[in-house]
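Chemist: Let's have the full structure, built from the sequences with the hints guiding it.
Sequence order for the protein chains is A and B. For the numbering used here, add 13 to where a residue sits in the first sequence, where the first one is 1. For the numbering used here, add 18 to where a residue sits in the second sequence, where the first one is 1.
Worth flagging that the hints you see were computed from the coordinates, not collected in a lab. Incorrect hints may have been included.
[What the hints assert, rightly or not] Lysine-lysine pairs mimicking DSSO-like chemistry, simulated, CA-CA at most 30 Å apart:
{"id": "1", "chain 1": "B", "residue 1": "K524", "chain 2": "B", "residue 2": "K713"}
{"id": "2", "chain 1": "B", "residue 1": "K181", "chain 2": "A", "residue 2": "K63"}
{"id": "3", "chain 1": "B", "residue 1": "K304", "chain 2": "A", "residue 2": "K63"}
[Stated by the list, open to error] From the derived model, a few chain A residues whose C-beta atoms are all more than 12 Å from chain B:
{"id": "4", "residue": "C22"}
{"id": "5", "residue": "A46"}
{"id": "6", "residue": "P62"}
{"id": "7", "residue": "T81"}
Nothing here was measured: the structure is a model prediction, and the numbers come from that model. Glycine included, every Cβ here is placed at the ideal spot set by N, Cα and C.
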Amino acid sequence: MQIIDCPWCGPREETEFHYGGEAGVAYPADPAALSDAEWARYLFFRANPKGAHTERWSHSAGCRRWFTATRDTVTYGFAR
Amino acid sequence: MTALFDGQDLPFEAGDTLAAALLRAGIHQVGTSVNLGRPRGIEAGYVDVIDGETMCSPLELDLVDGMQLRSLPGRGRLPEEPDETRYDARHVHVDVLVVGAGAAGREAAEAASGRVLVVDEGPAGDAIDGAQYLPRTVAFGLYDDGFVLALQDRRRVWRIRAKQIVLATGARERSMVFCDNDRPGIMRSQTALGLLRRHHVLAGQDVVLYTGTDDGYAAAYKFEVAGARVRRILDTRRGEHVVATAGLDRITAVATSDGEEIPCDLLLVSGGWDPAVELWSHAGGKLAWDGNAFAPTGELPGITVVGAATGSPASAPVFRAPGDPARQVVDLTRDVTVADLQRAVGAGLRSMEHVKRYTTIGTGPDQGRGANVLAAGITAELLGVDIAELGTTSFRPPYTLVPFAALAGRNRGELFDPARRTAVHDRHVARGAVFEDVGQWKRPRFYPVGEESMDEAVLRECAAVRTSVGIIDGSTLGKIDVQGPDAAEFLDLVYTNMISTLPVGKAKYGVMCGVDGMVLDDGTVLRLGEQHFLMYTTTGGAAHVLDWLEEWLQTEWPHLRVYLTSVTEQWSTFPLVGPRSRDVLAAVAPELDVSVEGFPFMAWRDTQIVGRDVRVARISFSGELAYEVNVCSWHAQEVWDALLAAGEPHGITPYGTETMHVLRAEKGYPIIGQDTDGTVSPHDLGLGWAVSAKKPDFLGKRSFARVAHQDPQRKQLVGLLPVDGATVLPEGAQVVERLTAPPVPMLGHVTSSYRSAALGRPFALALVKGGRERIGATLQVPVGGELVPVEVTSSVLVDPEGVRRDG
Chain A
14 MQIIDCPWCG
24 PREETEFHYG
34 GEAGVAYPAD
44 PAALSDAEWA
54 RYLFFRANPK
64 GAHTERWSHS
74 AGCRRWFTAT
84 RDTVTYGFAR
Chain B
19 MTALFDGQDL
29 PFEAGDTLAA
39 ALLRAGIHQV
49 GTSVNLGRPR
59 GIEAGYVDVI
69 DGETMCSPLE
79 LDLVDGMQLR
89 SLPGRGRLPE
99 EPDETRYDAR
109 HVHVDVLVVG
119 AGAAGREAAE
129 AASGRVLVVD
139 EGPAGDAIDG
149 AQYLPRTVAF
159 GLYDDGFVLA
169 LQDRRRVWRI
179 RAKQIVLATG
189 ARERSMVFCD
199 NDRPGIMRSQ
209 TALGLLRRHH
219 VLAGQDVVLY
229 TGTDDGYAAA
239 YKFEVAGARV
249 RRILDTRRGE
259 HVVATAGLDR
269 ITAVATSDGE
279 EIPCDLLLVS
289 GGWDPAVELW
299 SHAGGKLAWD
309 GNAFAPTGEL
319 PGITVVGAAT
329 GSPASAPVFR
339 APGDPARQVV
349 DLTRDVTVAD
359 LQRAVGAGLR
369 SMEHVKRYTT
379 IGTGPDQGRG
389 ANVLAAGITA
399 ELLGVDIAEL
409 GTTSFRPPYT
419 LVPFAALAGR
429 NRGELFDPAR
439 RTAVHDRHVA
449 RGAVFEDVGQ
459 WKRPRFYPVG
469 EESMDEAVLR
479 ECAAVRTSVG
489 IIDGSTLGKI
499 DVQGPDAAEF
509 LDLVYTNMIS
519 TLPVGKAKYG
529 VMCGVDGMVL
539 DDGTVLRLGE
549 QHFLMYTTTG
559 GAAHVLDWLE
569 EWLQTEWPHL
579 RVYLTSVTEQ
589 WSTFPLVGPR
599 SRDVLAAVAP
609 ELDVSVEGFP
619 FMAWRDTQIV
629 GRDVRVARIS
639 FSGELAYEVN
649 VCSWHAQEVW
659 DALLAAGEPH
669 GITPYGTETM
679 HVLRAEKGYP
689 IIGQDTDGTV
699 SPHDLGLGWA
709 VSAKKPDFLG
719 KRSFARVAHQ
729 DPQRKQLVGL
739 LPVDGATVLP
749 EGAQVVERLT
759 APPVPMLGHV
769 TSSYRSAALG
779 RPFALALVKG
789 GRERIGATLQ
799 VPVGGELVPV
809 EVTSSVLVDP
819 EGVRRDG
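Modeler: Right, here's the structure in full:
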């Protein structure tokens, strides 16, 4: 049970948050222009690094805002 | 004062633990072991409190007058009745948390500044200056960022956030493994000494000490002073060992390595000291062998270890005496012997983590506190490696047995998962509705009349709706108010249909898909104004849909000026359904033009019923003429009552979710989450008409163009009619072409199945490979070892022309 820093509300209990997967995977500007393989890459392929990982989190039981945070996948700790 | 132990009166003195009272009465055996059924003593035996907690250690259980106890065969019992004890939780934030109120803990607490909390599992000692001190409080888990869970009096869980944690958890005496070492009357010297000090109980009169430490001598001396006789001291440092013991429910004699047989009634064992490192290990702290014991090593931010928990005094540890490995018990709570460790090593296991899993050593109720270091030492000897190299297992919470009821605290029953009730719930109760849980909601499933069964009630309710008029409480439907200059553009992106062209005053059925093109939710959208929509979602999908929409607005389309508000509970919704619904509505809403021309299908109108503002929408989930009456939940009961009163002349029939399911299934309307499972596209459901070809993009569109999505063999929603006209297929049943040698190729499965009043026979909906091409074919559904032939039909079985919706 970590303390997570919400950029809007400050430090809050982990149970108030939801994980939203890898950050920076933008919806393609023109999906129709993509091949099936490229579209599948957007849909299903995500980085799974050992170490620093940039992720989306939502303060779902608080301000309900999404934000980006960097977390270490070995220690689970958030970069401060 | 008296307790009852295994049916016998057990007198005790104020402040006694069960162990103290038992030893005072000369009783050493507490239950039996888990696999072999051998007698267990006070260190490894456990008891039940009748009508109370299970698996209590006699050393920790404080007696209460009249308490009834039952010794256990190595495992607890699941109580049949709910635990009525009141448990609670408390949250605190402190600057410094000190675990342990021994000398080192007190010193650390007194030196600390700010808000200081001290917890200790032992009984109350002297107050500590400048600190809050909680005796009888065991810290049982240490988690991230200074989060500690502690259990006070086995009743209250403290949830503590500490900026700094000082672990002053001390050390505990280690035993040694020898032949027949599991008899009652054999215990660590410090256990016996603690009972003598705290309770003035002599655990035995004729004492043998088996020791590898000087502390054992000190304990033996205290026993002599207290009046016992020490018959023999066996010191491993002189090469002296216990090689056998005798006795059934209590030790009677010890055989020594020098061939002596010594009568005794208590054998004290002292094999060394192990720092209590569990909490350190919970936090991910590393352990290293310091020559005497496994001690904390390295650093953890915010955590300091002090006192005896840092390491052990120098010793020459002996883990195991010579003798038959099958008679040497390493873990008394799991009946694991040295022979079991030999088997594990013989099977090629080289890591303590693997040995633990292979033998179950250290997985008993004491979580390895008695056995882990012995197991590591003996395994290292068997492997011929240094124990420092072999290492030990890491510890995970909880440190001690914690009742689930204590973890739950007050979060039980309705406080754990609150029931949501609609504004007219009392009306359903008064009518004798049978409820079902839909998410957190309580929804009437059917309204039995007299002794009716569910099947009978549902057939009656269905017939009433199709021939006259029925009413259902649809208030649980999710409702999201969508406002803003870009609301129409936004809805075009999230629905597969075109929403922006919907005129004010009209409603539209819409389908939402994930980016993978699979159906996520469905419902109707009302356009209330140019920049104002009211979106209906499924009952179960409401929260998820709101989250889903918010996520897209915030992360991908922050430029869109759209505001989403959940209004599920603000609006009550009562669909009035059936050919007579127009008459009922006309009677209660005289100002409303209810004619087909004046109030067409998929239109909505504002009007008044009994002086209350209502919004009526001509939406149908049954294929019948229907009006959804929406009213502010404050006035829902008045409007519900008015609708029922106006329907009286037509025999208006309130109906539940079961009838709603049948009526919609007869029309082939899918229920998202029942007829779909996240792998079903709108086209698979026959909802291709709801997918816009004009919009440049919307969520899911690109996925519809994938090759796999064009596959004619995708599973499609079809109707199934059992050929015998009588079998109600089980939902989830497989659909096959014919039985072959296994594996039988599966074509799909039944997703919905009911009896139909309108058809006069049972029917089902199913997802079947290439289903629409198979319409007219006969397939088989295996039911209980028999094959039921079914005819594949269109998913729309009642009124395929749609003539009934206008009444």
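Chemist: Now, for every hint given, state plainly whether the structure supports it.
Modeler: Hint-by-hint comparison with the structure:
| no. | hint | verdict |
| --- | --- | --- |
| 1 | B:K524 / B:K713 | holds (20 Å) |
| 2 | B:K181 / A:K63 | holds (28 Å) |
| 3 | B:K304 / A:K63 | holds (21 Å) |
| 4 | C22 | holds (15 Å) |
| 5 | A46 | violated (10 Å) |
| 6 | P62 | holds (20 Å) |
| 7 | T81 | violated (9 Å) |
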